[in-house]
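K.L.:
Whenever a hint applies, use it, and build me the whole structure from the sequences.
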Amino acid sequence: MMRRSRPLDSLDEDIRDHLEREIQDNIDRGLAPDEARRRALLAFGNVALAKEDARAIWVRPWLDQLRQDIRYTCRTIRRNPGFAAVVVLTLGLGIGANTAIFSVFEVIALRTVGLASPDELYFVAHGSLRSSPSSNYPYFERIRARSDLFAGATTYMRSTFKVSAGDDVETVRGQFVSGNYHAVLGVPIALGRGFASEDDRAGSDSLVAVISDVYWARKFDRDPRVLGRTLVIDQRPISIVGVTAPGFSGLDPGTRVDVTLPLAVRTLDAANFLTNHGTWLGDAPVIVRLAQGMPRDRAASAVDALFQQYLGEPDNGWLRKIPGWDHVSATLIPANRGTGGLRREYSTSINVLMAMVGVVLLIGCANVANLLLARGTARAKEVAVRMSIGADRARLVRQFLTESILLALIGGALGLLLARAGVAAIAALVSTGPEAILLDVQPNATVLGFTIAVSLLTGLLFGLMPAFGCTRVDVTPALRAAGAAMRPGGRRWSVRQALVAAQIGLCVLLVSCAGLLGRTLRNLETRESGITRENLLLFSVDARRTAFRAEQLPTLCHDLIERLIGRAAVVSGSCSRNIPVNSRGNAAPLEIPGAPAQPPNARQVFTNMVTPDYFRTLGIALVGGRVFDSRDTASSERVAVVNRAVVRLFFGNENPIGRRVHFYQDEAHPMTIVGVVEDAAQRSLREDPPRTVYTPLSQLSQPEELLTVALRTRQDPAALAGSVRDEVRALSPHVVVDYIRTMEQQIEQTLVRERLVAMLSSAFGALALVLSCIGLYGVVSYDVARSVRELGIRLALGAQRLDVLGGVVRGALSVSLIGILAGLVAALAATRVLGTLLFRITARDPVTLASAAALLLLTTLLASYIPARRASRVDPITVLRME
Amino acid sequence: MSTRRDQDRIELLQGTLDLLILRTLRLGPAHGHAIAKAIERGSDDVLTVEQGSLYPALHRLIKRGWIAYGDGTSENNRRAKFYRLTPKGRKQLDLETSKWDRLSAAIARILRPAEG
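Order-wise, the sequence lines are chains B and A. If you count by the working numbering, then the first sequence holds residues 1 to 883, one letter each, in order. If you count by the working numbering, then the second sequence holds residues 1 to 116, one letter each, in order.
Source of the hints: derived by calculation from the structure; they are not laboratory data.
Each computed DSS-like pair below joins lysine-lysine, with the alpha-carbon atoms no more than 30 Å apart:
no., chain 1, residue 1, chain 2, residue 2
1, B, K162, B, K219
2, B, K51, A, K88
3, A, K37, B, K51
4, A, K63, B, K51
Calculated from the model, a selection of chain B residues having no Cβ within reach of chain A, i.e. all distances over 10 Å:
no., residue
5, V169
6, L191
7, V833
From the three backbone atoms N, C-alpha and C, an ideal C-beta is built for every residue, glycine too.
P.N.:
Structure (structure tokens):
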């Protein structure tokens, strides 16, 4: 007779059936139908309630109890809003810090490019340039021809474009792409169309562009009539045919693509681009989309075979001479998250920061757990009452957990708000300067999911122990103690102590890391760069793809500097090819006839081209010989100035002045060394000044289209920015002045990562310190309050107040010392991961570690002094009267 | 139903109803109405079951796995849901019964010490 069905399925029917039988019974006993019905309903009782109760057997346990628990929690919060506020604020700060760092982590490490089926996309990467895909066009064409391997292959080249509207010229970021770019990658198009292969035909007379959503919004206010509008890009009228959808910003995380042009436009400036085997472009990745069902490994080995064949051709043998390329191979690396430059630069930093915020949250959790334990002791009576009237322990544990999770979720909501502000600040910090990193950190589902998960986990983490601890109540004594003078078991006290010790240990760890990173930043900021950084203004003058003739650029700079010296508070000015301190720079092996042979790699020198006043303007001292002057012209003998590092390597104690040198494979252009200058930073402050060979700008064989001007000023250089623009405009409307900044700003920008990491880690260290201080204060105060009676008796019996004070502080110190020792051990083990982030300081720097320990000791004294003083001022009479 | 006056009747204690249902079903499967009637009749109408409370109790027992149910046909050929005792329920009944015996004996000893 048994059949499986759900018990509640026929509940209505069962009850109706029941009532009918009862009515029938009553009728059978001789009652009138109406009366029979009335009596049946009376005997049954409340039908709706019966149904509801029966349903509740199945449904209620969690849903209903959850509602109950939440209502109960809300009541608890209302009754003690101060407690809730402290908990929510603590968690809000902890979760907020985690959310903020995770938002950045998500952009840098997790986010995939906004393309169709991104997992099918791979970069073709080579040898030591494996991490930054590279190619040249003829090679790309061979890959594209392999339709047996790939559903498609495309390429792009990052570039900047000058978009002019009337007299106003703006530099925007963009890229040249192969005509199949949008189709192969599946770039989402919001308006119009992506490129077709006809758009990329050399000699095509109608030039077209696709713009980004961001650019569309900024320049055209999202006007749908933008299609067909003409932009003047690098002097050429180009019409807009499409707008990409929001969410797509190219394949290079951290940069933005505002304008996309077909490679055909580039060939107008570099005619041999499509056929040139003689270059290898580090910034022109080839991306392939694997053919249906093609395994990556097979495609990769086919690409390598193709690459080896390419290298074997006589035209391309030079590639094997690139240092490290004698046994180079090609492979495919995933392109679903774009190129890895930003990821590589920031991965250690962001991982360290993620770990740090995790520790901050742990410290916060320990605080909240301690608060809950302390309050649990106060609530022991309530728990005892509820258990004595039959509440089961599991139910109470769930009640406690609901409360902690609810508090954690409220904290998480606060954290989301705090994180938005934090992330905006981080994004602003890294988005300045010529190498600005654009972080699109709008809140998204991943970040929201992370925050919710962290909140729930946090709630469990700090809630579990108190939930079990506080429901382990021995009912009878708890009730008898009438709540006031309840003494918790010794065990629980030691849990609270352990939590505080752990907090302090973690705090030592964080403060040590923050100290190391902070000192790294200071070491870099104060590092002698060889350049006098005060009162120095830098800007670039850019004549690339303009109507201005590049050969005229040095003259223009010369005139500009003359005019500024005449009018403004400028002492001297100079031009150089490289940006001081932050140059990507060029390097070449130096040849010194007659010197002992060394491999070309060991002879690498950094090269720069400068005007005569360069050294004076930047404050690079002359050591011997002379700097360049007006005698050094395009027709005179070629000359060079070298720095001390060059002398150290090549000449030792010999006098280099008058020696003739030339660059690798450039015997046709020998140079005579005429001077030696002090070392000065070129690429970054992190590395030692490289061996540098300066040559005069006036002897340049090919004109430079982009120069950096430096001006030494008498007063605040930033005030000069406006007149620089005016003067350049007066000299030529075509030349673009860009990136006007002081040397100090420039140095700041080169240290953006270090500053970010140092600032955030010290913020987290400070937060950890405050939280630990609160935690320690809470535990000591609680302990004092608990033993007020004992203290009173001891004072009444003649104990000295100072002894009482000392006793409390000593107690706190003993807990804290254990924590500090553990923290130091952890710091010794863990700070090693900072390794590459540090500069001129070791991960086990004793001064930093000792300072961290001392700081925590001081904090302990501070946090325990107030409760200790309170303890020593206990009035024995009052206390004894309390009985 | 019964004609006795209300104050002579005793409300069921929490949990007791479950025990009575199990005891009733020990005699064989029954539908809801029959269980209610059997309890009332079995106690000489001293115990009242508010019949509605039977259903939450039945569901509670199903959930605990002490009784099972299925569709069957009653004496007058009507379809009805029949409940029966499971082996687990039988064990529980024995346990509860002996507990009950000890409890009532203990209470009886306290209430009438002389007779003890």
